[in-house]
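Trainee: Sequence:
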Amino acid sequence: MINRVILVGRLTRDPELRRTSNETPVASFTLAVDDRTRDAEGNSTTSFIGVTVWNNQADNVAKFCRKGALVGVDGRLRQRSFERRDGSKGSVIEVIADSVQFLEPKGTREIPNEEFIPDEVPADDSKNLDSIDVTDDDLPF
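Going by the numbering used here, the first residue of the sequence shown is number 643, and it counts up by one from there.
I should point out that these hints are in silico values taken from the structure, not numbers from a laboratory. Remember, predicted model here, so these are calculated numbers, not experimental data. There may be inaccurate statements among the hints.
As the list claims (entries may be wrong) - EDC-like mimics (lysine to aspartate or glutamate), calculated; alpha carbons at most 16 Å apart, straight line: (1) K705 - D656; (2) K709 - E658; (3) K709 - D656; (4) K705 - E658; (5) K705 - E746; (6) K709 - E746.
As the list claims (entries may be wrong) - Restraint-style ranges between C-beta atoms, simulated for each label pair: (7) N702 - D681: 31 to 37 Å; (8) I735 - T662: 19 to 25 Å; (9) L719 - E683: 19 to 25 Å.
For every residue, glycine included, the Cβ atom is placed at its ideal position computed from N, Cα and C.
All chains, full assembly: derive it from the sequences and hints.
Mentor: Here is the structure:
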(Lines of atoms letter the chains of each structure in order from A and count residues from 1; the text may use other names and numbers.)
(Lines give C-alpha, C1' and ligand atoms only; values in the text may rest on other atoms or scores of the structure.)
Protein backbone atom coordinates (compact mmCIF):
# COMPACT_ATOMS: atom_id res chain seq x y z
CA MET A 1 0.00 0.00 0.00
CA ILE A 2 1.12 3.55 -0.70
CA ASN A 3 0.67 6.45 1.70
CA ARG A 4 2.57 9.44 0.28
CA VAL A 5 1.68 13.13 0.27
CA ILE A 6 3.52 16.01 -1.40
CA LEU A 7 2.21 19.52 -0.79
CA VAL A 8 3.35 23.05 -1.56
CA GLY A 9 1.73 25.90 0.31
CA ARG A 10 2.08 28.73 2.79
CA LEU A 11 2.02 28.56 6.58
CA THR A 12 -1.14 30.08 8.05
CA ARG A 13 0.57 30.79 11.38
CA ASP A 14 3.97 30.49 13.02
CA PRO A 15 4.93 26.86 13.75
CA GLU A 16 4.27 25.66 17.29
CA LEU A 17 7.30 23.85 18.77
CA ARG A 18 6.82 21.46 21.68
CA ARG A 19 8.92 18.73 23.28
CA THR A 20 7.79 15.25 24.30
CA SER A 21 8.48 13.89 27.77
CA ASN A 22 11.82 12.54 26.52
CA GLU A 23 12.73 15.94 24.97
CA THR A 24 12.05 14.98 21.34
CA PRO A 25 11.14 18.16 19.38
CA VAL A 26 7.84 18.20 17.52
CA ALA A 27 6.47 21.13 15.53
CA SER A 28 3.01 21.58 14.09
CA PHE A 29 1.61 24.08 11.64
CA THR A 30 -1.21 24.52 9.17
CA LEU A 31 -0.46 24.70 5.46
CA ALA A 32 -2.75 26.63 3.07
CA VAL A 33 -2.77 24.84 -0.28
CA ASP A 34 -4.62 26.30 -3.27
CA ASP A 35 -6.89 23.82 -5.01
CA ARG A 36 -7.30 23.79 -8.77
CA THR A 37 -11.06 24.10 -8.40
CA ARG A 38 -13.22 27.22 -8.25
CA ASP A 39 -16.32 27.95 -6.21
CA ALA A 40 -19.65 29.14 -7.65
CA GLU A 41 -18.41 32.76 -7.88
CA GLY A 42 -15.23 31.73 -9.71
CA ASN A 43 -12.88 32.21 -6.75
CA SER A 44 -10.12 29.68 -6.18
CA THR A 45 -10.58 27.39 -3.19
CA THR A 46 -7.99 26.64 -0.53
CA SER A 47 -7.46 23.60 1.68
CA PHE A 48 -5.97 24.01 5.15
CA ILE A 49 -3.89 20.96 6.03
CA GLY A 50 -2.45 20.20 9.47
CA VAL A 51 1.22 19.16 9.40
CA THR A 52 3.39 17.64 12.14
CA VAL A 53 7.17 17.33 11.88
CA TRP A 54 9.60 15.67 14.31
CA ASN A 55 13.23 15.82 15.51
CA ASN A 56 15.83 18.17 13.95
CA GLN A 57 13.47 19.08 11.12
CA ALA A 58 10.99 20.35 13.76
CA ASP A 59 13.67 22.60 15.28
CA ASN A 60 14.58 23.97 11.83
CA VAL A 61 10.97 24.66 10.88
CA ALA A 62 10.35 26.49 14.17
CA LYS A 63 13.54 28.50 13.78
CA PHE A 64 13.35 29.48 10.11
CA CYS A 65 9.65 29.47 9.11
CA ARG A 66 7.05 32.08 9.93
CA LYS A 67 3.46 32.77 8.94
CA GLY A 68 3.24 33.15 5.16
CA ALA A 69 6.43 31.18 4.39
CA LEU A 70 6.28 29.05 1.24
CA VAL A 71 7.28 25.44 1.97
CA GLY A 72 7.16 22.03 0.35
CA VAL A 73 6.12 19.09 2.51
CA ASP A 74 6.79 15.43 1.76
CA GLY A 75 5.20 12.96 4.14
CA ARG A 76 2.36 10.58 4.86
CA LEU A 77 -1.25 10.83 6.04
CA ARG A 78 -2.18 9.75 9.54
CA GLN A 79 -5.63 9.55 11.08
CA ARG A 80 -5.89 9.68 14.85
CA SER A 81 -8.78 9.68 17.27
CA PHE A 82 -9.01 11.66 20.48
CA GLU A 83 -11.43 12.46 23.26
CA ARG A 84 -12.45 16.06 23.90
CA ARG A 85 -12.71 17.54 27.39
CA ASP A 86 -16.50 17.30 27.21
CA GLY A 87 -16.19 13.53 26.66
CA SER A 88 -17.11 13.51 22.97
CA LYS A 89 -14.83 11.73 20.52
CA GLY A 90 -13.15 13.34 17.55
CA SER A 91 -10.91 12.37 14.69
CA VAL A 92 -8.33 14.25 12.66
CA ILE A 93 -6.35 13.51 9.52
CA GLU A 94 -2.94 15.18 9.36
CA VAL A 95 0.29 14.97 7.44
CA ILE A 96 3.34 13.58 9.22
CA ALA A 97 6.19 15.28 7.38
CA ASP A 98 9.32 13.34 6.53
CA SER A 99 10.81 16.43 4.89
CA VAL A 100 10.03 20.15 4.84
CA GLN A 101 11.73 22.20 2.13
CA PHE A 102 12.02 25.97 2.42
CA LEU A 103 11.04 27.30 -1.01
CA GLU A 104 11.90 30.99 -0.62
CA PRO A 105 15.40 32.44 -0.67
CA LYS A 106 16.83 33.26 2.73
CA GLY A 107 16.00 36.79 3.82
CA THR A 108 13.05 37.39 1.46
CA ARG A 109 10.60 37.35 4.37
CA GLU A 110 10.95 39.44 7.46
CA ILE A 111 11.49 37.36 10.60
CA PRO A 112 10.20 39.19 13.68
CA ASN A 113 12.47 39.80 16.68
CA GLU A 114 15.60 39.07 14.65
CA GLU A 115 17.80 41.61 12.94
CA PHE A 116 18.47 40.90 9.28
CA ILE A 117 21.88 42.07 8.12
CA PRO A 118 22.33 41.69 4.35
CA ASP A 119 25.68 40.65 2.92
CA GLU A 120 27.84 43.66 2.24
CA VAL A 121 28.20 44.60 -1.40
CA PRO A 122 31.62 45.98 -2.29
CA ALA A 123 31.56 49.58 -3.42
CA ASP A 124 34.28 48.91 -6.00
CA ASP A 125 32.68 49.59 -9.40
CA SER A 126 35.71 48.27 -11.28
CA LYS A 127 34.34 44.73 -10.94
CA ASN A 128 31.36 45.37 -13.19
CA LEU A 129 30.26 42.07 -14.71
CA ASP A 130 29.07 43.79 -17.89
CA SER A 131 32.62 44.00 -19.21
CA ILE A 132 34.23 40.58 -18.77
CA ASP A 133 36.86 39.62 -21.31
CA VAL A 134 36.75 35.91 -22.11
CA THR A 135 38.89 34.21 -24.73
CA ASP A 136 37.97 31.00 -26.50
CA ASP A 137 40.73 29.21 -24.56
CA ASP A 138 38.87 29.93 -21.30
CA LEU A 139 35.67 28.18 -22.38
CA PRO A 140 35.30 24.48 -21.46
CA PHE A 141 33.44 23.58 -24.67
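Trainee: Determine for every hint whether it applies to the structure shown.
Mentor: Outcome of the hint check:
no.: 1; hint: K705 - D656; in the structure: holds (10 Å)
no.: 2; hint: K709 - E658; in the structure: holds (11 Å)
no.: 3; hint: K709 - D656; in the structure: holds (5 Å)
no.: 4; hint: K705 - E658; in the structure: holds (10 Å)
no.: 5; hint: K705 - E746; in the structure: holds (15 Å)
no.: 6; hint: K709 - E746; in the structure: holds (13 Å)
no.: 7; hint: N702 - D681: 31 to 37 Å; in the structure: holds (36 Å)
no.: 8; hint: I735 - T662: 19 to 25 Å; in the structure: holds (21 Å)
no.: 9; hint: L719 - E683: 19 to 25 Å; in the structure: violated (30 Å)
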